[in-house]
Amino acid sequence: MRLSGEQTRWNRETAAAEGDSMWEKMIAYIMTHGDALLVQIRTHLWISLAALAAAVVIGAPCGYLATDSPGIEKWISAPFHVLRVIPSLAILVLLIPVAGTGALPAVIALTILAVPPVLLNTIVGFRDVPPFIEESAAGMGMTDREILWKVRVPLALPMIFAGIRTALVEVIASAALAARIGAGGLGEVIFTGLGLNRMDLLVLGGILVAALSLLCGGLFDTLTRRLMPYRYL
Amino acid sequence: MNDSFEKKSTGAVPAIEYRNVCKRFERTDAKRGHSRRVRKDSLSEAGASGIASSGQKDGFYAVNDLSATVRDGELITILGSSGCGKTTLLKMTNRLYEPDGGSILLFGQDIQKQDPVQLRRKMGYVIQQAGLFPHMTVEDNISVIPRLLKWEPERCRDRVTELLDLVGLDPDQYRSRYPSQLSGGQQQRVGLARALATKPRVMLLDEPFGAVDAITRLNLQNELLRIHRETGGTFLFVTHDIHEAFRLGNRVMIMNAGRLLQMDRPETIVRNPADPFVETLIRSAMEQERFWYSTPRE
Ligand SMILES: Nc1ncnc2c1ncn2[C@@H]1O[C@H](COP(=O)(O)OP(=O)(O)OP(=O)(O)O)[C@@H](O)[C@H]1O
Ligand SMILES: [Mg+2]
Chain A
1 MRLSGEQTRW
11 NRETAAAEGD
21 SMWEKMIAYI
31 MTHGDALLVQ
41 IRTHLWISLA
51 ALAAAVVIGA
61 PCGYLATDSP
71 GIEKWISAPF
81 HVLRVIPSLA
91 ILVLLIPVAG
101 TGALPAVIAL
111 TILAVPPVLL
121 NTIVGFRDVP
131 PFIEESAAGM
141 GMTDREILWK
151 VRVPLALPMI
161 FAGIRTALVE
171 VIASAALAAR
181 IGAGGLGEVI
191 FTGLGLNRMD
201 LLVLGGILVA
211 ALSLLCGGLF
221 DTLTRRLMPY
231 RYL
Chain B
234 MNDSFEKKST
244 GAVPAIEYRN
254 VCKRFERTDA
264 KRGHSRRVRK
274 DSLSEAGASG
284 IASSGQKDGF
294 YAVNDLSATV
304 RDGELITILG
314 SSGCGKTTLL
324 KMTNRLYEPD
334 GGSILLFGQD
344 IQKQDPVQLR
354 RKMGYVIQQA
364 GLFPHMTVED
374 NISVIPRLLK
384 WEPERCRDRV
394 TELLDLVGLD
404 PDQYRSRYPS
414 QLSGGQQQRV
424 GLARALATKP
434 RVMLLDEPFG
444 AVDAITRLNL
454 QNELLRIHRE
464 TGGTFLFVTH
474 DIHEAFRLGN
484 RVMIMNAGRL
494 LQMDRPETIV
504 RNPADPFVET
514 LIRSAMEQER
524 FWYSTPRE
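First to last, the sequence lines map onto chains A and B.
Counting from 1, one number per residue, gives the positions in the first sequence under my numbering.
Counting from 234, one number per residue, gives the positions in the second sequence under my numbering.
Treat the hints as calculated values from the structure; they're not laboratory data.
Even glycine gets a Cβ: it sits at the ideal position worked out from N, Cα and C.
Where hints are given, some of them may not hold.
To be verified - So the derived list for chain A, only partly shown, Cβ under 10 Å to chain B, looks like this:
no.	residue
1	Met140
2	Leu155
3	Tyr230
4	Arg231
Claimed, not checked - Below, simulated DSS-like cross-link-like pairs (lysine-lysine); rule was C-alpha separation at most 25 Å, straight line:
no.	chain 1	residue 1	chain 2	residue 2
5	B	Lys432	A	Lys150
6	B	Lys355	B	Lys383
7	B	Lys355	B	Lys432
8	B	Lys346	B	Lys432
9	B	Lys383	A	Lys150
10	B	Lys432	B	Lys383
11	A	Lys150	B	Lys355
Generate coordinates for the entire structure from the input sequences, incorporating the hints supplied.
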């Protein structure tokens, strides 16, 4: 038997009205709150990428310094390990007196979360450059600077990028907490869902955060492939 | 060939002169790793032989009071068992290691007074593992130094083509490959091409054919002889294969436990071994050979 178009539409409307299909509700929410969602996605991305950029700017040079003088490695990585143990939510709350509310404390907390993977992978990346390759570079007459930029950095880069990727996914997932201190982002959908006890919003927020995280991870992989073709032969 | 290395007016100035060169390693050197750039050759075994020979606990001489003269245009092979100081000697020649005593002259000039980077750019250096940069294509690997010297892209490309031809690789097929897409023998050829890129007058080759099979090795040896003939450079070739050493070298340096035992033309060494160690070495090589001649073939 074939349902007429009329009947199908009727079915859909009653289902939405009666509220027994979560999907219908989620689609309805997207329809009505589309613009707000776009803003939230944009804020979410912005906060995450700012934190990631800060983490790279802090983590990669520190990682390099730690490799060249192993004595200071623990002094560099220990603080971040300690900080990472503290839950991000706690950091957010603790930062309120210092950095207030809004985007800034959110970015700071997420940076603290993102530095360790970048830092550790940078250390491993530089350490794993085969000594004989460095030596052959020196033997050819490359200066220390040339060896650093033309050999050591490119060879450490795949590992550093793997660290950045880990940090990226972690940061996007955790950025949902930022809404808690008024920084916006997709966390708003989730916290609204929690507040109103609406399962559909909780699930929608969760799905969007996960999708964003997967999407960014995928884009990042494409970038890695373009930059380092020799890794994928 | 017009690929000739600019030769100095054929004066009597030797290409390389080693004067009482010594290199001492402390036992803790390798562990402490005080200098990142100058680390122990990852293939040489730690200390045992050197320590035993010097009979000291804290340190030993990897190269001990070595004097030798290499004439311009010679192909010298350096023969000796593992750990006898061959690599150390080569690395002192391009200042990857600093000697603890004596001096080394390059075309009459003390290398100690020259800038290491400039010095190394005057010499080609090939190591056993080829040491190609995995993130660069064959073309980029070969033209690393030319590009650092700001050669025109055109000139770099032509030079790469020329060099790939020289080492027997089809330029069109190989120039844009990555090292991981090459066989061990092909990597060695590229390593050789890279070292030859700026037409250095001196080539330092540290067991460049260590990791290839017998047939490839024979081919590479023939290519090397051809390249040496065509370029007219001075080649220092380290090996621990006595057949390779005697086949390739205009003269052979035989080392043991950091000391130079004999340096002479292969025939002369076979006829008058200067030392019981050299004699044993030659006898053992002949013992091995005997199998081939004593097994009748149809
Ligand atoms: N950086 C270093 N620190 C301490 N000891 C070293 C260092 N480099 C080399 N040695 C030691 O010096 C000795 C000579 O080493 P070298 O690498 O010159 O030997 P080799 O003749 O090249 O041997 P092989 O044929 O195995 O390459 C060895 O006993 C080695 O362990
Ligand atoms: Mg060696």
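Taking the hints in turn, this is what the structure says about them:
1. Met140: Check passed: Cβ of A/Met140 comes within 6 Å of chain B, closer than 10 Å.
2. Leu155: The hint holds - A/Leu155 has a Cβ within 10 Å of chain B, the shortest such distance being about 6 Å.
3. Tyr230: Since chain B brings a Cβ to about 5 Å from A/Tyr230, closer than 10 Å, the hint holds.
4. Arg231: At 8 Å from the nearest chain B Cβ, A/Arg231 passes the 10 Å test, so the hint holds.
5. B/Lys432 with A/Lys150: holds, 22 Å
6. B/Lys355 with B/Lys383: The hint holds at about 16 Å.
7. B/Lys355 with B/Lys432: holds, 8 Å
8. B/Lys346 with B/Lys432: holds, 22 Å
9. B/Lys383 with A/Lys150: With a Cα-Cα distance of about 15 Å, the restraint between B/Lys383 and A/Lys150 holds, given a limit of 25 Å.
10. B/Lys432 with B/Lys383: Given pair B/Lys432, B/Lys383 holds - Cα atoms ~16 Å apart, limit 25 Å.
11. A/Lys150 with B/Lys355: holds, 20 Å
Hint compliance for this structure: every hint is met.
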